[in-house]
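Visitor: Spelled out, the chains give:
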Amino acid sequence: MKATPTLLDIWFCDDVREEKSGRYSLMGLYPSRVVNLQQLPTMLNQFNIIMRFDGIQADSGLLGVKIIAPDGQESRPIQGRELTPLTTSGEALFILCAAPLQISHEGKHVIKIKIGDNANFQDYFNVVKTSK
Amino acid sequence: MLLNPVRLKVLAVFQRGAVTIHDYLFNFLWKNYGIQFDCRPIEQIKSSELSQYDVILNAICADAWHKERITKLELWCKVHQKRFINGIEGLTNCNRRNAYKIWSKNDVNCARVERIPKKSLALKLDMPFPIIFRHENTHLGSSMKLVRNFSDIEDIDDSYFKKSTVAIEFKDYRSPDGFYRKYRCVLLGDQVIARHLISSPEWNIHSDSRQKDRMAIHRQEEDEFWNRPLHEKDELLRAKNLLKLDYTIADYTLLPDGKPFYFEMNPCFSVIDARAFKREWAYQLHAIHRYCEAYASFMFDGYRTEPNKFINIPVIL
Numbered sequence: 004m005k006a007t008p009t010l011l012d013i014w015f016c017d018d019v020r021e022e023k024s025g026r027y028s029l030m031g032l033y034p035s036r037v038v039n040l041q042q043l044p045t046m047l048n049q050f051n052i053i054m055r056f057d058g059i060q061a062d063s064g065l066l067g068v069k070i071i072a073p074d075g076q077e078s079r080p081i082q083g084r085e086l087t088p089l090t091t092s093g094e095a096l097f098i099l100c101a102a103p104l105q106i107s108h109e110g111k112h113v114i115k116i117k118i119g120d121n122a123n124f125q126d127y128f129n130v131v132k133t134s135k
Numbered sequence: 002m003l004l005n006p007v008r009l010k011v012l013a014v015f016q017r018g019a020v021t022i023h024d025y026l027f028n029f030l031w032k033n034y035g036i037q038f039d040c041r042p043i044e045q046i047k048s049s050e051l052s053q054y055d056v057i058l059n060a061i062c063a064d065a066w067h068k069e070r071i072t073k074l075e076l077w078c079k080v081h082q083k084r085f086i087n088g089i090e091g092l093t094n095c096n097r098r099n100a101y102k103i104w105s106k107n108d109v110n111c112a113r114v115e116r117i118p119k120k121s122l123a124l125k126l127d128m129p130f131p132i133i134f135r136h137e138n139t140h141l142g143s144s145m146k147l148v149r150n151f152s153d154i155e156d157i158d159d160s161y162f163k164k165s166t167v168a169i170e171f172k173d174y175r176s177p178d179g180f181y182r183k184y185r186c187v188l189l190g191d192q193v194i195a196r197h198l199i200s201s202p203e204w205n206i207h208s209d210s211r212q213k214d215r216m217a218i219h220r221q222e223e224d225e226f227w228n229r230p231l232h233e234k235d236e237l238l239r240a241k242n243l244l245k246l247d248y249t250i251a252d253y254t255l256l257p258d259g260k261p262f263y264f265e266m267n268p269c270f271s272v273i274d275a276r277a278f279k280r281e282w283a284y285q286l287h288a289i290h291r292y293c294e295a296y297a298s299f300m301f302d303g304y305r306t307e308p309n310k311f312i313n314i315p316v317i318l
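Chains B and F, in that order, are what the protein sequence lines are. With the first letter of the first sequence counted as 1, position 28 gets the number 31 in the numbering used here; the numbers rise by one all the way through. With the first letter of the second sequence counted as 1, position 300 gets the number 301 in the numbering used here; the numbers rise by one all the way through.
The set of hints was computed from the structure by calculation and includes no laboratory data. Take these hints with a grain of salt, some might be off.
[Claimed, not checked] Restricting the straight-line Cα-Cα distance to at most 25 Å, the calculated cross-link-like pairs of lysine to any residue (SDA-like) are:
1) K115(B) - D12(B)
2) K111(B) - W282(F)
3) K111(B) - S210(F)
4) K132(B) - K279(F)
The following block holds chain B by itself, in its conformation from the complex:
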């Protein structure tokens, strides 16, 4: 039976380093989906979104990701990338390194993820403007 792709986890952090062992070090991991900023609009040097999937097969289709700001401004950064299954259950990892990332508005930023024609996932991060 063909496995169905599933989004297992999504993390947000400042930077990702790939170690020689093939493992990843995440730096500045956001403990929640909240990004606190003192000023808007602003430019972050880097913002990484780490997506971990399960049920990925060689023919699962291409990954596509877009982010939609609260006012509808849409980013379509990934045109379609293949995912490589790392385990027999089809675990796969993909990192979107937004460098730089411009954020203009407070509120919910929706992340739409698509794999092939049938697997669609939605997640988000919240931007909160804090006082100085």
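We have chain B already, so just place chain F on it with the hints.
Guide: Same frame as chain B, now just chain F:
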């Protein structure tokens, strides 16, 4: 910061003081695909250096400069069995006059072009008015003039006419809604990437021709262009292959029968506009990234690559 190991070494050859591949493409290919470009002027290149590269990219966009050097470099690549992109034949063929000669014999829609290096020759032109005069190898249509009769030609200063001056038959390509539409695609090997569509009430369309009060329409038109099946793809590739170019951009309009009418086809690298990094223009990044991805695939032609676990790009929200 995630980085790829070097997977492909490319020698990008350009002319001293001229534009080579855009910084953005350079960085995209390096960060996301491990394609390392060495951009160097052609005067510096020696045959003995070619062995350290996988691909040699001729980033000189016309044969007006360094014709002998490009020919020699192409020969060296044959000796070293290196892939050479955009040989001298393609660069020579894509001159307006040569392209017209080749295309007109092969049922490709394009305007007639005649060289007019002297005013006296312009006054003897047997071409219906209006006629476009311009210099070859200039950008943004800055040297372009529309002449409506012989009196207009008389009024042009003699110094305007030089070896590179050409007369181009004017094609009135206005759509039934009163707007002119100029399409641009990037052709890389057998890939065709829709880059932009600009509509304007003026026939002389360039990158600044989008009217500010029609931005929503511009965006909708471009979105439709990027998303629709590119039914003109085979015709575009046929026109490119007739010129024997590996990489090129094509500027054209679409005739009522759906076939392209070409304004020009040359291997220009100015397909990334700095404005795309401003929020209101960021939708353009969609086409730019498609172009960059296609460029990576074009560079790897014949080489096996593993899919990346990451992408590194700017995001404007």
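Visitor: Hint by hint, say whether it matches the structure.
Guide: Verification of the hints:
This hinted pair checks out: K115(B) and D12(B) have alpha carbons roughly 14 Å apart, not beyond 25 Å. Between K111(B) and W282(F) the alpha-carbon distance is near 22 Å, which keeps this suggested pair within the 25 Å criterion. With a CA separation close to 35 Å, the supplied pair K111(B) and S210(F) exceeds the 25 Å bound. This hinted pair checks out: K132(B) and K279(F) have alpha carbons roughly 22 Å apart, not beyond 25 Å.
Of the hints listed earlier, the one the structure fails to meet is number 3.
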